[in-house]
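Residue-level listing of the chains:
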Amino acid sequence: MNTKASTVRQPSPWVLPAVLTLVLISFLAAVFLGIVDIPARDVLSALTGSGSPEARSIILDIRLPRIVTGILAGVQFALAGLLLQTITRNPLADPSLMGVSQGATLTVTMFLLFTVYLANPDSHSVNELPIAWLPPAGMVGGMIAGGIIYLLAFRLDLSPIRITLCGIAVGAVMHALAIGLIAGWGSARIEIILEWMSGSFYARTWDHALFLLPFTVVGFAMLPLIYRPLVLLRFDAAVARSFGLSYRRQFSLVLLLSCALAASAVGAVGPIVFVGLIVPHLARFLAGRHFPLVLPLTIVLGAVIVTLGDLIGRLAGGAEEIPIGVVTAVTGVPVLLALLRKIP
Amino acid sequence: MDARKSSITVGLIVVATILIIVAGLLPGAKMLSIDAVLRVLVAPDGKIESILVWTLRLPRSLTAAVAGAGLAVSGYILQSLTRNPLADPGITGVTAGAVAPIVTCFVFFPSISGHLYPFVGLAGGLAAATVTFWVARGGTGHPLHLALGGVSVSLFLGAITIYVLLFAGPQSTALLFWLVGGFSGRSWANLLQMLPWVLSGVLGALILYRVIAMFSLDDRSAAGMGVQLGFWKPVLLILGICPVAGVAPIAGPVAFVGLAAPHIARLLRPRGTGWEIGLAAAIGSLIVTTADLIARTVAIPKELPVGIITALLGGPIFVYLIQRGRLDFRSEGP
Numbered sequence: 001m002n003t004k005a006s007t008v009r010q011p012s013p014w015v016l017p018a019v020l021t022l023v024l025i026s027f028l029a030a031v032f033l034g035i036v037d038i039p040a041r042d043v044l045s046a047l048t049g050s051g052s053p054e055a056r057s058i059i060l061d062i063r064l065p066r067i068v069t070g071i072l073a074g075v076q077f078a079l080a081g082l083l084l085q086t087i088t089r090n091p092l093a094d095p096s097l098m099g100v101s102q103g104a105t106l107t108v109t110m111f112l113l114f115t116v117y118l119a120n121p122d123s124h125s126v127n128e129l130p131i132a133w134l135p136p137a138g139m140v141g142g143m144i145a146g147g148i149i150y151l152l153a154f155r156l157d158l159s160p161i162r163i164t165l166c167g168i169a170v171g172a173v174m175h176a177l178a179i180g181l182i183a184g185w186g187s188a189r190i191e192i193i194l195e196w197m198s199g200s201f202y203a204r205t206w207d208h209a210l211f212l213l214p215f216t217v218v219g220f221a222m223l224p225l226i227y228r229p230l231v232l233l234r235f236d237a238a239v240a241r242s243f244g245l246s247y248r249r250q251f252s253l254v255l256l257l258s259c260a261l262a263a264s265a266v267g268a269v270g271p272i273v274f275v276g277l278i279v280p281h282l283a284r285f286l287a288g289r290h291f292p293l294v295l296p297l298t299i300v301l302g303a304v305i306v307t308l309g310d311l312i313g314r315l316a317g318g319a320e321e322i323p324i325g326v327v328t329a330v331t332g333v334p335v336l337l338a339l340l341r342k343i344p
Numbered sequence: 345m346d347a348r349k350s351s352i353t354v355g356l357i358v359v360a361t362i363l364i365i366v367a368g369l370l371p372g373a374k375m376l377s378i379d380a381v382l383r384v385l386v387a388p389d390g391k392i393e394s395i396l397v398w399t400l401r402l403p404r405s406l407t408a409a410v411a412g413a414g415l416a417v418s419g420y421i422l423q424s425l426t427r428n429p430l431a432d433p434g435i436t437g438v439t440a441g442a443v444a445p446i447v448t449c450f451v452f453f454p455s456i457s458g459h460l461y462p463f464v465g466l467a468g469g470l471a472a473a474t475v476t477f478w479v480a481r482g483g484t485g486h487p488l489h490l491a492l493g494g495v496s497v498s499l500f501l502g503a504i505t506i507y508v509l510l511f512a513g514p515q516s517t518a519l520l521f522w523l524v525g526g527f528s529g530r531s532w533a534n535l536l537q538m539l540p541w542v543l544s545g546v547l548g549a550l551i552l553y554r555v556i557a558m559f560s561l562d563d564r565s566a567a568g569m570g571v572q573l574g575f576w577k578p579v580l581l582i583l584g585i586c587p588v589a590g591v592a593p594i595a596g597p598v599a600f601v602g603l604a605a606p607h608i609a610r611l612l613r614p615r616g617t618g619w620e621i622g623l624a625a626a627i628g629s630l631i632v633t634t635a636d637l638i639a640r641t642v643a644i645p646k647e648l649p650v651g652i653i654t655a656l657l658g659g660p661i662f663v664y665l666i667q668r669g670r671l672d673f674r675s676e677g678p
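Chains A and B, in that order, are what the protein sequence lines are.
Take the numbering used here: the last position of the first sequence gets the number 344, and nothing is skipped along the way.
Take the numbering used here: the last position of the second sequence gets the number 678, and nothing is skipped along the way.
The following block holds chain B by itself, in its conformation from the complex (with noise of 0.2 Å):
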């Protein structure tokens, strides 16, 4: 695929996307028609079918895109910093790492505020990855080690949530819902709040992007390029992980999305790296809008956790993945 096919795709699916998101203003507990919802995107007035688009369901969607690409992205860079096509926040243990000391806060320091969320995610997360990497030495191992040590991480992690979540008590329903991963009620200020962590991840990768190259290269070939190992390293995954901290204390982990995306990116076979990630970021987005979409619209007024669509949908991709046999990472290169 050479540049203009690559812009053509990306542009395919950001219009898909937006598609999906004017689509996902018309259902809901009341329906609107798609004259009135175009006629409110226009010129807003104080009528209630304004006040569901613009207060309810847009901001929604449109965090449910943001946290799309930030998830997939995250799954792209740890893809590559580790050239395992099963890194991804999920697996690597960086989303329970996220979510446990959230949860931690949320229930015995109530009186810290949820804007600093993002950074005792980003602590957690951190830690958590730098545990999951020491253990599968850099995560230049051995996939399975990746992977285990990452389950084991988050089973642990797991283990102490549901700890917290027991002392909880009335609250842990709340909490759940939010573990699961959803974008129900989200507001403006959620999505101001989650947009600067998604947006450093995304514009640093695509910065980045020679380095990320590299990097899926292997350490001795990226070092003879003249990539500083020990100063590229850590940057990649604190970018990697960036995404994640801001995604999670808004919407909850989301599965699979950080795993899938990036693999469908890469099928597509794109330009380069950089239209990789830029492709990632939209079937990131793409994929949670959709699910979102779905789920808040299988059931209505009630709606499902976003988490059992992404699943459901990542889990068969991550089963094909092992079956196929890609499991030696390969890149194309810059």
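Okay, chain A solo, but in the shape it has when bound (with noise of 0.2 Å):
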């Protein structure tokens, strides 16, 4: 992380409340448009809990639990992006980069085929499949892939660069086996795979939300706990440690936070690619490194990216819209191979 006295500027004192009224803005952008064309005054109504049924369930059952459980998925994504980034001292560390998300993608693979496929092999009906369960699935294999990488790179105290390369061997061995498991599977059935795999908000419910709800508000719980130990983990360990810093404790703790928060993130919404880690980058440009602003510009930064690219998707791709993971990827690669160029 450079820390060069000459690039440290003081941020603009308007850049919070800015980003915090463009959360506002994108929220209420996201209610108010939609693929079903619904006039301001409907809407209002239905939010009030009057209004025409039909305008209440597109707004109550459909956009809000969907703006919701976008918003708290891509808050979780950036904190966690931002967490990695800090202790692993790598500007490109990012759950999806890591192996978190290849191994909630193998994990829902596997539940799918063995509840779906093995339990009933000649129906060919959809209705019964056990989405609620996809999200407790796919945290379990996050939080599986980022016991290994511990397992295999800090237990060996590597340096962060192997952590990262390990991470990204685990990411392409459970990849591989996830995209084996549906080939092999061979069903009629695989869309629902494809459509979780490329990462989306569509159909997202309540419970979507609830589910992530605690990872959040644990994520936010901890950050006063962690947040001296953060700001000495971006040295190096023997630096940190002359600072008093218990570091294989606090690394081996905010590499835990920030798997749980990516693992349950992408276990409701499926892999979005490269949210955890241009939010980060982009505090830090709106912030100027100052570090403690940091954190919430990304936390903020984060819900805004995500509704936003989830409002794209859904006003660009009409009735086949386009999933937020493919939004992101699209317009993320610019933005992170700028930044690969810029890194000496």
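Just so you know, the hints here were simulated from the structure itself, not pulled from any lab data.
Computed from a predicted model, the values in this text were never measured in an experiment.
Take every hint as true, because none was put in to throw you off.
Estimated spans, in silico, between C-beta atoms of each pair:
1. A/PRO136 with B/TYR664: 31 to 37 Å
2. B/PRO454 with A/ILE312: 25 to 31 Å
3. A/ALA238 with B/ARG668: 19 to 25 Å
4. B/GLY529 with A/VAL218: 49 to 55 Å
5. A/VAL218 with B/LEU573: 51 to 57 Å
Every residue gets a Cβ at the ideal spot worked out from N, C-alpha and C, and that includes glycine.
Join these two chains into a complex; the hints should help.
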């Protein structure tokens, strides 16, 4: 992490208020705009509990839960990315580059394979898919992947670079296994998995939001506890220890937290590529390396980016909406490549 | 290892590959006996055994062998060119670059003949590699930049591929089986279509082995020995992508072979770069034919995608390399 004094500039005082306003605007836009045109007055009356039943069901049962799930997931992805980038001292660390997403994909695939396909091999019905169980299944996989990376890399006191590379390797193997299972499965029902794998908020309900909420809350509650270690973890192990940090324990704690945040989010909405990678960089860019501001900005921007990305996907795709995973991947790559070029 | 030992090693691995290919003719939905196989190999007739051997099992095994050699040489060239032990067609984004446009053509432009797919793959692979190498400053920067740049490019193209698959609807099952890499039902025509691409890569690498050897030093030394960097870098890059462009339309992306085979070849320490390339090709063939044999025999009559087996074989090698600390690249020279 670059800490050259010359690059430290004071962030503008209006950055945080501006971004908070942006959250509000994007939230309202996401509620009011959609592929079904509902007049603004109907939206308002639906929100207050009156209004036509169609408008009420579209707003309260489809759009709102979807937006809230998205915001929670976006915040978790962004926070997980920031934590990973900080502790591995690698500006490119991201849950989807480090195997967590792939681990989740693998367990979701296996879960569907065992519960649906092996349980009733002949039927072609799609209505009995255990959708509600996908988030926990994905979360277990993400945590397993994180555990494997921890055992492979950190237990041996490997450098952050090696941890990242181990993550890439574990992710690649798990991805190959998942794709292999899907292909070997050869069922007519693979579309549900494809939809999930591309990362989508489609048909997310209040259940998904409720599943994510405890993780977001725990993540927020942990922030004051890990804030000081986090500042120190940006340095070398030796330097951090000289400040009195129990490096190994704090490192493991933060790694566990970021894995839990990322894994639960992946479980709920699928692997949304790059949110965890780009948002912390955006926050750092706006905050000018003023670390106390980076953290809140990351959280807020995570919500904004995901809400806007989902809105774009919903409006641009027409009836076949573009999954947000595709939107973030396509818009995120130029940013990422520019960042990669800038890093010495 | 001197030249004689090196040639013996290559010979042994080639013999092992041939044995695996012959052994691979036996099992399947209908088991054949060894003398039946040998009989129809020498004198093909119109009986069922002969058809099984000559039109189903032999072409697919040979396709696997050729694909393995091509991927291994591709990995070797990319690793030497970038002096990065982690470079391989998968990590540098070349495979994803070849796959994404082929899938797109398959779904949206069905009128394009399958014979043009290698060209589509070559263009896509080149484009992806260019971006990755641009990010990693010609691939000679930090290994991490190359790996992360390539993985990001792969993720990007993977997202597009999945989106196209969502569009494809009923075709997506067939596409997915191709996407994970496999040799099921590959014919002589497929083999012939792939062969020139792989041959150009392998023979090109063998002919240019001196240049490749100098590239595995560093840019300055290579230039000091009279290598025209501006000319040879793009030539070697195209040479390294050619086999992938040929293999990808036929067999899909077969993971980790391009990464693992060159390292195993180097661990055996043959005589020089030329022998290393030959050894890597032979080892690649052996790995892919073995993986293919495993993939289609563990669950007869169904078969697993070969990509699972190669990922399971290659993944641990990858992690081992990371942990052993061979992150800086060193070659023995010509």
